[in-house]
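Chains A and B, in that order, are what the protein sequence lines are.
Quick note on numbering: the first sequence equals residues 26 to 139 in our numbering.
Quick note on numbering: the second sequence equals residues 105 to 212 in our numbering.
No lab work stands behind these hints, which were simulated from the structure alone.
Think of the CB as a built atom: it goes at the ideal place given N, C-alpha and C, for glycine as much as any other residue.
Accuracy of the hints is not assured; some may be wrong.
Here are the simulated distance ranges between beta carbons [as the list claims (entries may be wrong)]:
#1 A/M66 / B/K177: 24 to 32 Å
#2 A/G41 / B/I160: 30 to 38 Å
#3 B/D195 / A/P64: 38 to 46 Å
#4 A/G41 / B/K169: 31 to 39 Å
#5 A/S105 / B/P179: 25 to 33 Å
#6 A/T40 / B/G170: 28 to 36 Å
#7 A/S109 / B/F118: 37 to 45 Å
#8 B/G162 / A/G78: 42 to 50 Å
#9 B/P179 / A/A107: 22 to 30 Å
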Amino acid sequence: NAGVTQTPKFQVLKTGQSMTLQCAQDMNHEYMSWYRQDPGMGLRLIHYSVGAGITDQGEVPNGYNVSRSTTEDFPLRLLSAAPSQTSVYFCASSPDRTSGNTIYFGEGSWLTVV
Amino acid sequence: AQRVTQPEKLLSVFKGAPVELKCNYSYSGSPELFWYVQYSRQRLQLLLRHISRESIKGFTADLNKGETSFHLKKPFAQEEDSAMYYCALRDTGNQFYFGTGTSLTVIP
Numbered sequence: 026n027a028g029v030t031q032t033p034k035f036q037v038l039k040t041g042q043s044m045t046l047q048c049a050q051d052m053n054h055e056y057m058s059w060y061r062q063d064p065g066m067g068l069r070l071i072h073y074s075v076g077a078g079i080t081d082q083g084e085v086p087n088g089y090n091v092s093r094s095t096t097e098d099f100p101l102r103l104l105s106a107a108p109s110q111t112s113v114y115f116c117a118s119s120p121d122r123t124s125g126n127t128i129y130f131g132e133g134s135w136l137t138v139v
Numbered sequence: 105a106q107r108v109t110q111p112e113k114l115l116s117v118f119k120g121a122p123v124e125l126k127c128n129y130s131y132s133g134s135p136e137l138f139w140y141v142q143y144s145r146q147r148l149q150l151l152l153r154h155i156s157r158e159s160i161k162g163f164t165a166d167l168n169k170g171e172t173s174f175h176l177k178k179p180f181a182q183e184e185d186s187a188m189y190y191c192a193l194r195d196t197g198n199q200f201y202f203g204t205g206t207s208l209t210v211i212p
């Protein structure tokens, strides 16, 4: 009963480094998304995907790339890390609205850029 | 445009007192409204949804379409209710929008 799995849980990066946050879900959900959570800002959508091969930008996409080669995986790439990207990142997935189910979150990835 | 507004960033109540976390939304279609809770350093988890009309952990929320509100209420707050609460809206395109969250502290 894994649900949404994110790795790593904690990461420290130097400015300019690149890295990938991994996200996988085993619920066969079509919709996956990445959020960042910052104090006083709530959850802000970075990128999302409505299915394999389809991605789109959210509210704060700059500095991040995503891909969706399979239904299960939705990695988030930081191309050149900046201190402003220090945040907690949450991956989420949800089925189609008609299923009656809601959105499920991973445990979060705490990223610090120094 | 901000679809979900939570006007209170911080809210403190005494144990046993009633608590109300406010949420207003802006959406012309038929939204689904949710409340999510995040306990310290844990993932967000669903607390309740308007279509279920249920009470979870003593919390209830009624969708008021006239006032476009979905306030979360509990008659007697408990210390374990201290957490961050997010109101969320799902539009007809399956897109979720979250408010900025309200951090609730229940004082013993």
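A quick look at each hint next to the structure:
1. Evaluation of the 24 to 32 Å hint for A/M66 and B/K177 yields a pass: the beta carbon distance comes to about 25 Å.
2. Look at A/G41 against B/I160: about 45 Å separates their beta carbons, and that is not inside 30 to 38 Å.
3. Remark: the range hint 38 to 46 Å for B/D195 to A/P64 is contradicted by a beta-carbon distance near 26 Å.
4. For the hinted restraint 31 to 39 Å between A/G41 and B/K169, the CB-CB distance of approximately 50 Å leaves it violated.
5. The supplied range of 25 to 33 Å is broken by A/S105 and B/P179, whose beta-carbon atoms lie about 51 Å from each other.
6. Between A/T40 and B/G170 the C-beta distance comes to about 50 Å, which lies outside the given range of 28 to 36 Å.
7. Evaluation of the 37 to 45 Å hint for A/S109 and B/F118 yields a pass: the beta carbon distance comes to about 38 Å.
8. A C-beta distance of roughly 44 Å is found between B/G162 and A/G78, which places it inside the suggested range of 42 to 50 Å.
9. The hinted range of 22 to 30 Å is not satisfied by B/P179 and A/A107, whose Cβ atoms lie roughly 46 Å apart.
Hint check: violations occur at hints 2, 3, 4, 5, 6, 9; the rest are consistent with the structure.
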